[in-house]
Amino acid sequence: MSIGPPFKPDDLCEWDNWREKTTRLQYPDRDIRIIFPKQEGGTLHNPKSQPAEFGDFDPNNHDPDPEVWPLENLDPGYPADVDELYVIQNRFPAPHVAWVTEEYLKARYGYNPMRQEVDVDELPVWAQPKKTEDDDTVKIDATNDGELPLSLTDDRREALTRLAHLWNGETVRDHHLLLDKCPDWGEIFDDLNQDELQRLVVDPDADPRLAEAFNYYDWFEQEQSIYLKPKRILRKKVWYAPTQRGRTLINAHTDLPSLRGDPNEGLVHRVTVGLAALREKWNAKEVGTYYNLDVNGYNVDLLSRDASGQLYAGEVMTGHNNWALHRRTYEKLSDLRARDMIPHVVFDSRKTAYKVFNHWHRKGLAQLPRGPFDSEFGIEDGRKRIEEAYKDEQLSWDVADWTTTAALWRNTLGRDGPGIDRNLVTSMDW
2 MSIGPPFKPD DLCEWDNWRE KTTRLQYPDR DIRIIFPKQE GGTLHNPKSQ PAEFGDFDPN
62 NHDPDPEVWP LENLDPGYPA DVDELYVIQN RFPAPHVAWV TEEYLKARYG YNPMRQEVDV
122 DELPVWAQPK KTEDDDTVKI DATNDGELPL SLTDDRREAL TRLAHLWNGE TVRDHHLLLD
182 KCPDWGEIFD DLNQDELQRL VVDPDADPRL AEAFNYYDWF EQEQSIYLKP KRILRKKVWY
242 APTQRGRTLI NAHTDLPSLR GDPNEGLVHR VTVGLAALRE KWNAKEVGTY YNLDVNGYNV
302 DLLSRDASGQ LYAGEVMTGH NNWALHRRTY EKLSDLRARD MIPHVVFDSR KTAYKVFNHW
362 HRKGLAQLPR GPFDSEFGIE DGRKRIEEAY KDEQLSWDVA DWTTTAALWR NTLGRDGPGI
422 DRNLVTSMDW
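At position 33 of the sequence shown (counting the first as 1) the number is 34 in this note's numbering, and the numbers step up by one without a gap.
Derived from the structure by calculation, the hints contain no laboratory data. By construction, the Cβ of each residue, glycine as well, lies at the ideal position given by its N, Cα and C atoms. Be aware that a few hints might be false.
[Unchecked claim] Label pairs and their in silico Cβ distance ranges:
no. : residue 1 : residue 2 : range
1   : ASP307    : TYR110    : 25 to 33 angstroms
2   : ALA285    : PRO205    : 48 to 56 angstroms
3   : TYR292    : SER50     : 25 to 33 angstroms
4   : TYR28     : GLY310    : 55 to 63 angstroms
5   : GLU332    : ASN61     : 32 to 40 angstroms
[Said to hold, decoys possible] Quick list of in silico lysine-lysine cross-link-like pairs, BS3-like style, CA-CA up to 25 angstroms:
no. : residue 1 : residue 2
6   : LYS107    : LYS182
7   : LYS352    : LYS232
8   : LYS238    : LYS364
9   : LYS182    : LYS238
10  : LYS385    : LYS230
11  : LYS107    : LYS392
12  : LYS392    : LYS364
13  : LYS107    : LYS49
14  : LYS282    : LYS385
15  : LYS286    : LYS364
16  : LYS356    : LYS392
17  : LYS237    : LYS107
18  : LYS238    : LYS352
19  : LYS364    : LYS282
20  : LYS352    : LYS385
21  : LYS286    : LYS356
22  : LYS182    : LYS352
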């Protein structure tokens, strides 16, 4: 009986002399190469060209360099700001990376596979997700990178059940997501078969070469077929943050608890929404989370109302490169302010906050009183600058206040908090 060829399929795709087969471009102190040249295609009446495939085989930690990316004459979206670019990482014919525009991705793939919000109808037929059947083998195509089955053993099923309960704000093995500042892996899962749980966090088919080449670069993050991944939350490494694939897996099974909230958002977002809801509740406000407003189809992460009837609209924003989404969030908050709501934002970090503020200012959506922030100010100083902009009638600035996830935890359940009763937290529906 045949057991298949005595080699891995990828072994057929090695270029021992890839430097000779690629074309190096003239960028000082760079090893940027055209891997495959531009291809002409389409039809006589509808000609379409596929842009060249290229990459930097010796990038630096501070990329993307605005003097380099996007590549002139090779990226159809040139010129563009670096904060509009998407990173492409590949290990063939050797580990390399490139920063490209959305126009490049659409020209190459027919759509942008890296957008966080994509209508199914926008995808080519071959990339549209397939319906998941309710059985013990689930096929997930959440990242459009192929289908990998996962058998749900008893221990894997129990682990995902516990994770869903924890995510939903319930107490699991005497631990709570907010009260215990994201409990450790062992506190939730140590009685289960760790060998079986390993498949949730390790991709057995992952190629280590990209990680070996770029693991220590700030911009590096490798897409893998995993269901849980480590994430830094509240100044600690949390090892059970569900990926998009993992959230899809949980929500697709009727015998697992469905995850509350936005299925497109991760654990950092979920924790932050919970803390923000707790702050509003402690301040004697009525609060609803993931609230669907009857205004332009808007959803907001938090909607609260004080005793006088004043409404507050809150958004949680995390660091990602979907700048179009960041701009849409500001436009939504601006519209809600015009409807007499008071907008506020919680960011996952100060770094994210100042990058987003500066982006809004530079794109002409809003005006900061002294121009863009030139450093990561302390939170209180930054809040004063934002308050100044919000109150200045001569400026266009529609976010009243902001904070970060870590500061929010410190000022609710942490050392600077008011001593909130545990029962209030565990009874809260968020």
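Hint by hint, where does the structure go against what was stated? Just the numbers, ascending. 1, 3, 6, 8, 10, 11, 15, 17, 19, 21
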